[in-house]
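With the hints as constraints, model all of the structure from the sequences given.
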Amino acid sequence: KAGVTQTPRYLIKTRGQQVTLSCSPISGHRSVSWYQQTPGQGLQFLFEYFSETQRNKGNFPGRFSGRQFSNSRSEMNVSTLELGDSALYLCASSLRGAPEETQYFGPGTRLLVL
Amino acid sequence: AQSVTQLDSHVSVSEGTPVLLRCNYSSSYSPSLFWYVQHPNKGLQLLLKYTSAATLVKGINGFEAEFKKSETSFHLTKPSAHMSDAAEYFCVVSANSGYALNFGKGTSLLVTP
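Protein chains in written order, with this note's numbering: chain A, 1 to 114; chain B, 1001 to 1113.
Watch out, some of these pointers could steer you wrong.
Claimed, not checked - Mimicking DSSO-like on lysine-lysine, the simulated pairs with C-alpha atoms at most 30 Å apart in a straight line are:
| hint | chain 1 | residue 1 | chain 2 | residue 2 |
| --- | --- | --- | --- | --- |
| 1 | A | Lys57 | B | Lys1049 |
| 2 | B | Lys1068 | B | Lys1049 |
| 3 | A | Lys1 | B | Lys1069 |
| 4 | B | Lys1069 | A | Lys13 |
| 5 | B | Lys1069 | B | Lys1049 |
| 6 | A | Lys1 | B | Lys1042 |
Stated by the list, open to error - Simulated coverage check for chain B against chain A, where a stretch passes if three residues somewhere in it have a Cβ under 8 Å from a Cβ of chain A:
| hint | region |
| --- | --- |
| 7 | 1040 to 1048 |
| 8 | 1099 to 1111 |
Claimed, not checked - Some residues of chain A that are not near chain B, with every Cβ distance over 12 Å (derived):
| hint | residue |
| --- | --- |
| 9 | Lys13 |
| 10 | Thr20 |
| 11 | Leu46 |
| 12 | Pro61 |
| 13 | Gly62 |
Bear in mind the hints are in silico, worked out from the structure with no lab data behind them.
Predicted model only: the values in this text are computed from it and were never measured.
Ideal Cβ placement from N, Cα and C applies to all residues, glycine included.
Now the structure itself:
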C-alpha cells in the first residue's frame, strides 16, 4: 500500500505570495491532518479534515486554510506569506482520526519564504 | 488539555549502551500516547503506541515504553543503541478534543561509536 504523499517537496516563495500544498492519504484513510514544524515552535497542529469537513483547527491565523476533496485528498493554502511561515509542513492520515489510531505521516513539504 | 513534556532536549549514548528518553504526560483521563521518530530530512515514523491495553508496549527496532499512571510517565527505552538510532524522538499525546496530536518538543539522540 502506498504511503502518504505530499507535493511539492520543496517550495521557495516571497513575502506576500500565496501557496498551496497537496496531500494524498493512504488508500482508505478518510482523516487528514496538517502540522507545521519549525525549530522554534516544534510540531504544531494546523487542522484536521474528515469526509470533506473540518473537525478541528489549531491556533493559527486565518491566512492558513485547507480543504478536503471527496477522494480524501487534501490541500492547505497559506495566503499573504510571511517570513515566519518558513517551515516543514507535514500531512498525516488515518482511518477515522480517532484518538487511539496511528497517524501515518508524509515526507513533508519544505517551504522557504524570502 | 492533554500535553507531554520531554525532559531532555539532547541525549548522548555510546553504541551498545542502553537508551532512555523521558516523557511525562498531563491528561484528565487515560490518554493515547505515542512515540515517533524523525530521521534527518525524513517524515515521522511511529515507534510504538499505548492505548490503555498492556502498560508495557513493544515497538519497532527493539524500542519499548512503559505507561506508569502513578508517575504520569511514558519513557522510551532500548537495551542497546545502534548508530542508526541517531534521530529526533517525539513523545505525543492525542488531544482531548480529538482529531489532533500534541507533540513534545523532541529529544535529539546522538549515538557515538
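Status of the hints after comparison with the structure:
Between Lys57/A and Lys1049/B the CA atoms are separated by roughly 24 Å; this keeps the pair inside 30 Å, and the hint holds. Restraint check for Lys1068/B and Lys1049/B: the C-alpha separation of about 14 Å stays at or below 30 Å, so the hint holds. Between Lys1/A and Lys1069/B the CA atoms are separated by roughly 36 Å; this puts the pair beyond 30 Å, and the hint is violated. Between Lys1069/B and Lys13/A the alpha-carbon distance is near 46 Å, which puts this suggested pair outside the 30 Å criterion.
Between the alpha carbons of Lys1069/B and Lys1049/B the distance comes to roughly 15 Å, so the proposed pair stays at or under 30 Å and holds. For the proposed pair Lys1/A and Lys1042/B, the alpha carbon gap of about 19 Å is at most 30 Å, so the pair holds. Coverage of the region 1040 to 1048 of chain B by chain A holds [criterion: at least 3 residues with CB-CB distance below 8 Å; count 5]. Chain A is given as covering the region 1099 to 1111 of chain B, and this holds because 8 residues of the stretch bring a CB closer than 8 Å to a CB of that chain, at least three being needed.
Chain B leaves Lys13/A outside its interface by the beta-carbon criterion, the shortest separation being 20 Å against a cut-off of 12 Å. No beta-carbon of chain B is positioned within 12 Å of the beta-carbon of Thr20/A; the least distance is around 20 Å. Look at Leu46/A: its CB is around 9 Å from the nearest CB on chain B, not clear of 12 Å, so calling it non-interface is violated. Every Cβ of chain B is farther than 12 Å from the Cβ of Pro61/A; the closest lies at roughly 17 Å, confirming the non-interface assignment.
At roughly 18 Å, the least C-beta separation between Gly62/A and chain B is larger than 12 Å, which holds for a residue marked as non-interface.
Comparing the model with each earlier hint shows violations of hints 3, 4 and 11; every other hint is respected.
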